[in-house]
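Just so you know, the sequences run in chain order A and B. Adding 1 to a residue's 1-based position in the first sequence gives its number in the working numbering. Adding 1 to a residue's 1-based position in the second sequence gives its number in the working numbering.
Please keep in mind that the hints were generated in silico from the structure rather than gathered at the bench. A hint or two may mislead.
Said to hold, decoys possible - To list a few chain A residues with every Cβ distance to chain B over 12 Å, as calculated:
| id | residue |
| --- | --- |
| 1 | Val57 |
| 2 | Lys118 |
| 3 | Ala140 |
| 4 | Val161 |
| 5 | Arg162 |
| 6 | Arg229 |
Unchecked claim - Output of the computed footprint for chain B on chain A, the stretches with three or more beta carbons under 8 Å from beta carbons of chain B:
| id | stretch |
| --- | --- |
| 7 | 147-153 |
| 8 | 178-189 |
Note that the Cβ used here is the ideal one computed from N, Cα and C, for glycine as well.
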Amino acid sequence: MSRPAVLAVDDRAANLLALEALFERFDLDLVTGSSGRDAIRLASERPFAVMLIDVVMPDMDGFETVRALRALPLAAQTPIILLTAYEFDPRDIESLQGTGLVDYVGKPIAAGLLRGKVEALVSLYRRGEALAAKDRDIAILAHDLQTPLASISAGTELLVRSARDQHTQEIGQRVAQTVQRMSDMVSDLTDYARVGRGAIPVKARPLDLATLADEVARDCHQLEGGARVRLEAEGDAQGEWDPDRLYQAVSNLVVNALRYGEGDVRVRTAGDGASVLLSVQNFGTPIPAPRLSTIFEPFQRGTQRPNDDRRGLGLGLYIVRAIVSAHGGSVHASSSQQSGTLFTLRLPRQAPATPP
Amino acid sequence: LARAEVDRTVSSVETSRRVENAAPTIVVAEDDDELRELIADLLEDSGYDVIPAANGKQVTDYLEVAETLPAAIVLDLLMPLVSGWEVLRLIRSRPRWTDIPVVAVTGLSRDRPTGATAVLKKPFPVHDLLALLEQAAAHER
Numbered sequence: 002m003s004r005p006a007v008l009a010v011d012d013r014a015a016n017l018l019a020l021e022a023l024f025e026r027f028d029l030d031l032v033t034g035s036s037g038r039d040a041i042r043l044a045s046e047r048p049f050a051v052m053l054i055d056v057v058m059p060d061m062d063g064f065e066t067v068r069a070l071r072a073l074p075l076a077a078q079t080p081i082i083l084l085t086a087y088e089f090d091p092r093d094i095e096s097l098q099g100t101g102l103v104d105y106v107g108k109p110i111a112a113g114l115l116r117g118k119v120e121a122l123v124s125l126y127r128r129g130e131a132l133a134a135k136d137r138d139i140a141i142l143a144h145d146l147q148t149p150l151a152s153i154s155a156g157t158e159l160l161v162r163s164a165r166d167q168h169t170q171e172i173g174q175r176v177a178q179t180v181q182r183m184s185d186m187v188s189d190l191t192d193y194a195r196v197g198r199g200a201i202p203v204k205a206r207p208l209d210l211a212t213l214a215d216e217v218a219r220d221c222h223q224l225e226g227g228a229r230v231r232l233e234a235e236g237d238a239q240g241e242w243d244p245d246r247l248y249q250a251v252s253n254l255v256v257n258a259l260r261y262g263e264g265d266v267r268v269r270t271a272g273d274g275a276s277v278l279l280s281v282q283n284f285g286t287p288i289p290a291p292r293l294s295t296i297f298e299p300f301q302r303g304t305q306r307p308n309d310d311r312r313g314l315g316l317g318l319y320i321v322r323a324i325v326s327a328h329g330g331s332v333h334a335s336s337s338q339q340s341g342t343l344f345t346l347r348l349p350r351q352a353p354a355t356p357p
Numbered sequence: 002l003a004r005a006e007v008d009r010t011v012s013s014v015e016t017s018r019r020v021e022n023a024a025p026t027i028v029v030a031e032d033d034d035e036l037r038e039l040i041a042d043l044l045e046d047s048g049y050d051v052i053p054a055a056n057g058k059q060v061t062d063y064l065e066v067a068e069t070l071p072a073a074i075v076l077d078l079l080m081p082l083v084s085g086w087e088v089l090r091l092i093r094s095r096p097r098w099t100d101i102p103v104v105a106v107t108g109l110s111r112d113r114p115t116g117a118t119a120v121l122k123k124p125f126p127v128h129d130l131l132a133l134l135e136q137a138a139a140h141e142r
C-alpha cells in the first residue's frame, strides 16, 4: 500500500517549511500548495488522508477553499484541519456545517496537538484503505470460486452421461442443484464484499425502469423454469441510474418472490413525479412482522421453509437496500395474507453523484 | 509453451482437414486447467475437435495461423496475458475473424460483453453450452 498523503496549503513558504519539519519523521507524503487554487488542483488529482488549510490567504480564503474542495469527488469526505492565527467569527464556522469533518488548530501551532490530530486521522484513513483492500480481495476470491464450481458441475454431467441408470441421474441432479445453490451464495458474497463499506459507486446513464424490469423477468423466467412474472407499466419510468446495479437489485427481488412465494409474481413500474416506483409482489405465506423489521439487515431471511434446499446467505435484500440507497432512493417491505408480500423501490429520476 | 501448443494445434487442424466430413473445430479458451480439460472432454464426446488455449494470446496465435477458422470459440473472459475481453475485441475488429461465433464464459452475472454471440455464467449446465455450439455450427454450414 502506498504512503498516505497529507495536503498542506499556506500562502507563506515559511509556514509550509515549518509543517514539513513537523511531519518529517511521519510515514506520510506531505504535499504542499500555496493557494486555494493549488489545493483544488492537487485534491482533484489524488485522495488525501487529511488536508491542512490556512484560513487567511489572498484571493481565496480557507473557508472558500473548503467549500470548493467539498465539491470534488476525491475530497468530498476528507477530514480538514483549518490553521488560523485569529479567533473565528462563529458565523464562519456555522457556514461550514454539513461539509464533513472540519477541525481547527490555532497559530502559533502547538506541534504536539497538530501532530496528534493528524496521526489519529491518518491511522483512520489507513484502516479504511485496508478494509477496502480486503473487500476487493474477497470479491476477487469469491469470483474465482465460480470456476471450480463450473468444473464440479461439468464433471458431474460427464459422469451422469456415461451412467444411464436412474439412481445416478438423481444423484447428478442433486449435485447440480447444490452447485447452483453454492454458486448463488458465492455471487451474494461477491456482491456483499463489493457493497461492504456502504459506498457503492453508481455509474448513471439514461434508463427505462420498465425495460429493465422486462429484461429481469425474461432472465428469471429462464432461470426459474416456468415460473411466471407479470409486468405492469404505468406512466413514464425513465431516469438516470446504474443499469448493472439496478438489474441486480430488481433481480434479487424477483428471484426471492419466485422462490418464496406461490403463483405469479407481479412487477409494477410507475412514474411518480420526480421519482419512479418499482414494486415486486408475490402471494403465499406472509413474512411475520418481527422478521420484516430486520429483513434488510445482512444474513437475515424472511421465510424459513423446512426442507428448503435453496437457502442462500441472506444477503440479497441487504444488497438491494445498499444499491437503492446509493441511488438516493428507498425500499419498503410489507407482508400480509390478503395483499401478499410487497417490496417497493422509490428511486429519484436522477441518482446523486457519488465519490468513486 | 505457446509455440509448442500452436504447432500441435496446427498439425491437428491439418489432420482434421484431411478427413472427409471433418468434425467442427471449437477453440476452448479457459485458464483453469481442470475446467478446460473437462469442457474439452465433453465437446470431444459430442463429436467436436477441440483446440485448447490457456490464455487469450494462444487464441489469437492460433487464429493467425489456422487455415480454416474454428466453428466457434468458448472464451473465458478473465484470463492471463491477454484477457477474453481483449480477444473478443480483436476478433470483432478483424474482417477475417469477425464472423466467428463466440460463447463468452464468466463468473460474474453482470458481465455483458459486447460482440459475444452468447454469454454463459459459471457454473453452467453443459447442455446449455452444447446447444449454443450446435446453433453456431449449424449457422456455419
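Now the hints, each set against the structure:
1. Val57: The claim stands: Val57 of chain A keeps its Cβ more than 12 Å from every Cβ of chain B (closest is about 50 Å).
2. Lys118: About 42 Å separates Lys118 of chain A from the closest Cβ of chain B, which puts it past 12 Å; holds.
3. Ala140: 10 Å, violated
4. Val161: Its Cβ does come within 12 Å of chain B, the nearest being 10 Å, so this is violated.
5. Arg162: 7 Å, violated
6. Arg229: Per Cβ check, Arg229 of chain A is outside 12 Å of chain B; nearest 21 Å; holds.
7. 147-153: Coverage by chain B holds for the stretch 147-153 of chain A (7 residues, Cβ < 8 Å).
8. 178-189: holds (count 4)
In this structure, the hints that do not hold are numbers 3, 4 and 5, in rising order.
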